Amino acid sequence: MASLIGFYSLFFSLGCSILILLFSFKNLKNTTNFDNKLLSLTFLQLVFIILSFFGLIIAFINSDFSNSTVFNHSHTTKPLFYKISGTWGNHEGSLLLWLLVLTLFIFLFLISSKKQPKKYRVLTLLFQQIIIIGFLIFLIQTSNPFAQIYPVPSEGLGLNPILQDPALAIHPPILYLGYVGSSIIFSSVLAASSTNYISKEWAKHIKQWILISWIFLTLGILLGSIWAYYELGWGGFWFWDPVENVSLMPWLALTTLFHCVLVLEKKLLLTSWVVILSIATFTLSMSGTFLVRSGILNSVHTFANDPERGLYILIFLFILIFLSLIVFFFFHKTDGRNKITFFWLSKETSILINNWFMMYFLAVVLIGTTYPIFLDVLSSQKISVGPPFYHKLIVPFLIPFLLAMAIGPKLNWIKSDLQNKFHLLLLLAISLLLSFLIIRILEISFLFNTILFTSAFYLFFITLRDFFIKGFKNLAQNIAHFGFSLLILSILLNNFLSNEVITNLKIGETYRSDELTINFEKIEKIKRQNFEAIIGKFNVKKDDGIVEILKPELRIYNQPNIVTSEADIKTNLLSDKFITMNLVQNQEYFNIRYQIKPFMIWIWFSVIIISFGGFFSLFKKKYEK
Amino acid sequence: MKILNLLVIIILLFNFNVSKAQDKNLNSKITKNLRCLICQGQSVYDSDTEFANSLKLVVENKIAEGMTENEIYELLKTKYGEWILYDPVLNQKTYILWALPLLLFLIGGAIIFKNLKIKKN
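In order, the protein sequence lines correspond to chains A and B. Number 389 in my numbering belongs to position 389 of the first sequence; there are no gaps in the numbering. To convert a position in the second sequence, counted from 1, into my numbering, add 1000.
Please keep in mind that the hints were generated in silico from the structure rather than gathered at the bench. The model shown is predicted, which means the values in this text are computed figures rather than measured ones. Hints should not be assumed to be uniformly reliable.
Unchecked claim - Cβ-Cβ distance ranges computed for the label pairs, FRET-style:
#1 Glu1060(B) x Val395(A): 26 to 32 Å
#2 Glu308(A) x Gln1092(B): 32 to 38 Å
#3 Leu1100(B) x Gln529(A): 49 to 55 Å
#4 Glu588(A) x Leu1026(B): 26 to 32 Å
#5 Val395(A) x Ile1107(B): 37 to 43 Å
#6 Glu1050(B) x Ile140(A): 41 to 47 Å
Said to hold, decoys possible - As a list, the in silico BS3-like pairs of lysine-lysine whose alpha-carbon atoms are at most 27 Å apart:
#7 Lys415(A) x Lys1117(B)
#8 Lys382(A) x Lys1117(B)
#9 Lys1114(B) x Lys410(A)
Unchecked claim - Here are some chain A residues the structure puts well away from chain B; computed CB gaps all over 10 Å:
#10 Gly134
#11 Trp234
#12 Val327
#13 His332
#14 Thr334
#15 Phe343
#16 Ile523
#17 Asn572
Ideal placement from N, C-alpha and C gives every residue a C-beta, glycine not left out.
All chains should be modelled from the sequences, with the hints used to inform the complete structure.
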């Protein structure tokens, strides 16, 4: 029943779309006021999508196996929480979530943009509806979440156990709010371009939407990263996995766009560039969906794939790009001020430098992710592009980037001199000295790392000092930049100070080294709702005599029948202790991996600080100089 | 400026006895750069499959035999193809991969500097 309601709701919301298109065209021609029917219809459409979404959730809660999505991804013994989160833990359901966010955002946009020109609002709605219609047809045609199965199976196939996790339950909705949120920026920029409304007012208004998407995207990426850290059991948090890259690309584009819009808001410069970036951001989100759903990528995240789906998204993507190119080349009017030059020492220039580097990082990630695919298609040669490639091309460029991040915000618009040169130099000297000491203690390769540490410390100290001397002035920016310096420092220290022990132990055995002993005391078996857990008890004793008890698990899930390894992590401010155990095949030994990961919590914390910077900016009354 | 000069001197003094930064564990360094061929996007180092475990042993043995890092990569490349290496080698196939981002960076820089003025007016 719930499935049926959900299914028909999709058609009703498609009907709404068509009506909205009709009324929009009428509204554009005739009246001067925004037709309130459009708002009602948008609301109605949102209600239908919500209905449809809840229909699917209820089908999951009731384990209604006549629905093929539920049959393929759920099981009666699964805990209720994961029955619900299973709704978006699959291709069909997650697309429905896409649609929910698409319709939600356009509704919110309409009710919050009442002061904007009518024509611009109607056109934004129109462009957004084109995206919504595309996704609705995609959903109904190729990935119907409400497909029926007859005869009704008595039991489902179950959800992949590694997806049965709290962080992963909320990761997709948060990420999608960011991903799909960029659709509003796309629709809005096309509308503003075609009505020649790209102006300071528009910049001020769209900045809020950029920030909202950006904050959610940042937090979504963070949650995914935390999940990968403790659930995949490798102790890493970023693998340059294609699917991770695909979420990083829109983030880089959004961050660049945000900085550009600041220039637009203040100086009415870089208009064409803002348009291009806005289009690029959403296009990158869409391409990401295409790459993930088409099964082209080789990744831990790949959903069950189907070439027909990939083809559909690809065609749809080309239509959208084509549409935006038409708008850009035929409707977008450049203001004839292309010959503007910038003084080299000014805020504009520093933002251009930000753009320059961000676009470079984006190019590295984009080329690294897609190049192997093209090479495979063109010459059927397979190569892998992994972490070493990204590190080599990105890390050296971080140095000037960090320095520019420290100095840039200190400059004024148009032209400026650096004041307080003494402090700038003093802090540089302190950073250099501190980095130098750290490098000596760590005994790592000298020159490059010293400079890298110095630039990160420099940004750290400069932003830290600004908290005290500038107070609330520029606070949002300062918080975000401070967070970034903390992030880089934590990653560097984590990378250099991590330590691990890999060994095979029998129950009762003890591993000894100079620094620590690991005693494998016992295992116990516990039966839980949909898995059986083998819990190991380990006593880790360090040379200072303190004993820590760690209890990693092996979980044997009933459906699907998969064994997963759950890490046990003890976190404190300085470091994480991370232990996993795995069965060694046909032996009584367990493979034990014990890792000490310093400053892990600071990596998460600094990303939260970064997003808090954005959050703060969102609620700030006006952007000061 | 005095501070900077002083600093440079201090660094130079310390720099004479820089200890050689040695990679503690060559084995893990190598296995991190190898793709586990039967997994979905995992390195040999991170994986616990039989394939990965046997490859870890192979690497260990080759190190014991005194092969260098690059020799081991070369050996595995001829056996399993370039797909196994996470760090793509620079050759005809990958010139574009390595050069294109850098080229774009240069072009971006050129565009920006064209529009800058150095003098105040």
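Okay, the hints, checked on the actual structure:
1. The hinted range of 26 to 32 Å is satisfied by Glu1060(B) and Val395(A), whose Cβ atoms lie roughly 29 Å apart.
2. Between Glu308(A) and Gln1092(B) the beta carbons are some 35 Å apart, a value that agrees with the proposed interval 32 to 38 Å.
3. Separated by about 51 Å at the C-beta atoms, Leu1100(B) and Gln529(A) satisfy the suggested range of 49 to 55 Å.
4. For the pair Glu588(A) and Leu1026(B), the supplied restraint of 26 to 32 Å holds, since their beta-carbon distance comes to about 30 Å.
5. For Val395(A) and Ile1107(B), the hinted distance range of 37 to 43 Å is not satisfied, since their beta carbons lie about 21 Å from each other.
6. At roughly 44 Å, the beta-carbon separation of Glu1050(B) and Ile140(A) lies within the given 41 to 47 Å, and the hint holds.
7. Restraint check for Lys415(A) and Lys1117(B): the C-alpha separation of about 11 Å stays at or below 27 Å, so the hint holds.
8. Annotation: proposed proximity of Lys382(A) to Lys1117(B) is violated, straight-line Cα distance about 47 Å (limit 27 Å).
9. Restraint check: the Cα-Cα separation between Lys1114(B) and Lys410(A) comes to about 23 Å, which is no more than 27 Å; the hinted pair holds.
10. For Gly134(A), the shortest C-beta to C-beta distance to chain B comes to about 29 Å, beyond the 10 Å cut-off, and the non-interface label holds.
11. At roughly 4 Å from the closest C-beta of chain B, the C-beta of Trp234(A) falls inside 10 Å, breaking its exclusion from the interface.
12. For Val327(A), the condition that its CB be more than 10 Å from all CB atoms of chain B holds, with the nearest at approximately 23 Å.
13. Distance to chain B confirms His332(A) as a non-interface residue, since its nearest Cβ pair spans about 19 Å, more than 10 Å.
14. Every CB of chain B lies more than 10 Å from the CB of Thr334(A), the least distance being 15 Å, so the non-interface label holds.
15. A Cβ of chain B approaches the Cβ of Phe343(A) within 10 Å, the least distance being about 6 Å, so the stated non-interface status is violated.
16. The claim that Ile523(A) is not at the interface with chain B holds, since no C-beta of that chain comes within 10 Å of its own (minimum 18 Å).
17. Under the 10 Å C-beta cut-off, the non-interface status given to Asn572(A) relative to chain B holds; the minimum distance is some 24 Å.
When the structure is compared with the earlier hints, violations turn up for hints 5, 8, 11, 15 and for no others.
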